[in-house]
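Asks: Based on these hints, arrange chain V on the given structure of chain W.
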Amino acid sequence: MAEYRFPVDASQIMLFARAIGDKNPIYHDADYASSTEVGGIVAPPTFTQAAAQYDPGFPLRPRIGEPWFGSGREPTGAKPKEKAGDAGKGEGAIGQSARVLHAEQRFQYFRSIRPGDVLTVTTRPGKRWEKQGKRGGTLKFSESVSEFRDQQGELVLIATMVGVETGQAVSQS
Amino acid sequence: MTLRARQLNVGDTHSETVAHNLTRTQIVQYAGASGDYMPLHTDEVYAREVAGYPTVFAHGMLSMGATGVMLTNWVGDGRLTDYSARFTRQVWPGDDLTATATVTAIDSIEGQYFIQLDITTVNQNGETVIDGKATARIDP
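Sequences listed follow chains W and V, in order. Each step along the first sequence adds one to the number in the working numbering, with nothing skipped, and position 165 is 189. Each step along the second sequence adds one to the number in the working numbering, with nothing skipped, and position 137 is 345.
Extracted from the complex, chain W is given alone in its bound form (with noise of 0.2 Å):
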C-alpha cells in the first residue's frame, strides 16, 4: 500500500483548470471565489489526478538521469521489459504501464478540494477481472483505489481507477 502527501495549492489549480478547457474563475479568481457559494477557490473534479505529480512512485514521468522510454535520438529511450514488475519500481513498472491503457474513472466526493489543504494519498489494488477482446485475446482489468484524506483525517475524495493491459495498439476506427 503506496502512501504520499499531495500539497494543494492554488497555481496549480489554475494550470489544471485551463489544461482541461475550464474557464471558471472559481478555479483562479479569489475574489469572485469569495463571493460564491463555496466561498474560495476550489478544485475541478478531476484535479487529483495532479497527485501524481507527486507520487514518488508515478512511473510515467521522465527521472532526472534515467532513462526514458519516450523518443530522443531514437524513436524509443529505454526498452520494456517483457516481465512487467512492481508498480512503481523501475523499468519493469514503465514496461508495464506502457501497455496498460485507462479504461475507466471514477471519483467520490466528501468536500470540495481547496488550496492550502495537505492530502494524504493512500492506494491500494481492488477488483482484477479479465474480458475476451473483440479483436480476439484477453483483457486484463485491474482497479486501484486511492483515499485522499485531509490534515485531520478526514476522507476528502476517492478515486477508483480502473486500468487495461492490452497487448497491441488499439485501431482508430
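What the hints contain is simulated information worked out from the structure, not anything from laboratory work. Since we're looking at a predicted model, the values are computed, not measured. For every residue, glycine included, the Cβ atom is placed at its ideal position computed from N, Cα and C. Just so you know, not all the hints are guaranteed correct.
Below 20 Å or equal to it, Euclidean Cα-Cα: the simulated EDC-like pairs (lysine to aspartate or glutamate) are [unchecked claim]:
1) W:LYS158 - V:GLU335
2) W:LYS47 - V:GLU335
3) V:LYS341 - V:ASP326
4) V:LYS341 - W:GLU167
Quick list of simulated restraints, FRET-style, between CB atoms [to be verified]:
5) W:PRO86 - V:GLY334: 32 to 40 Å
6) V:GLU252 - W:GLU154: 41 to 49 Å
7) V:GLU252 - W:ARG87: 16 to 24 Å
8) V:GLN215 - W:GLU189: 42 to 50 Å
9) V:ALA313 - W:ARG152: 29 to 37 Å
10) W:ARG87 - V:VAL236: 17 to 25 Å
11) V:GLU318 - W:GLU61: 15 to 23 Å
12) V:THR231 - W:GLY157: 24 to 32 Å
13) V:SER316 - W:GLU90: 52 to 60 Å
14) V:VAL218 - W:THR144: 34 to 42 Å
15) W:GLY140 - V:PRO348: 27 to 35 Å
16) V:THR263 - W:ARG85: 20 to 28 Å
17) W:GLY81 - V:SER316: 38 to 46 Å
18) V:GLY302 - W:ARG123: 34 to 42 Å
Which chain V residues stay away from chain W? Per the calculated CB distances, all over 12 Å, these [said to hold, decoys possible]:
19) ALA241
20) THR308
21) TYR321
22) GLN324
Replies: Positioned in the frame of chain W, the structure of chain V alone reads:
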C-alpha cells in the same frame, strides 16, 4: 447557478461543446498539469513508430476533465458527490467534443435533494468517447 428539484424533470438534458478542434498543444498542457507524461499522448514519434498508433491521442482524463466542465457549469461548483466515466473510444487531435448530461432520477435523502445523471460525450462523428454517470446535490 443552482439547480432546484422542483424545476427539474427526469429526462431533462444539458449539453455543451467542451473541446473544439482539440490541439496537440492542449494535450501537452494536460500532461504538464496532471503529471502524466505517457509518450503515447505527447510524443508523435513514439506514438507512431513504437506504439503503432496513427498519431498521439488525448489522455482519457483530459476528456473526463473537459466533460466535467459541462457538469460543473450545470450543477454548480462543489455540488458533485460522485462522477464516473468509461473511456469507450480514443480522442484524437482535431476532434470536437460535445458533452451531455441527462437526468435519470431526482432523489431526496433526509431532506437533501440529489440528481442522478447519465453522461455521454461524443466526437464530431457522433461516436461516444465517454459514457458516465454523476450525482450532485441540488436545492429543493
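Asks: To test your reading of the hints: which numbers does this structure violate?
Replies: 2, 6, 18 and 19
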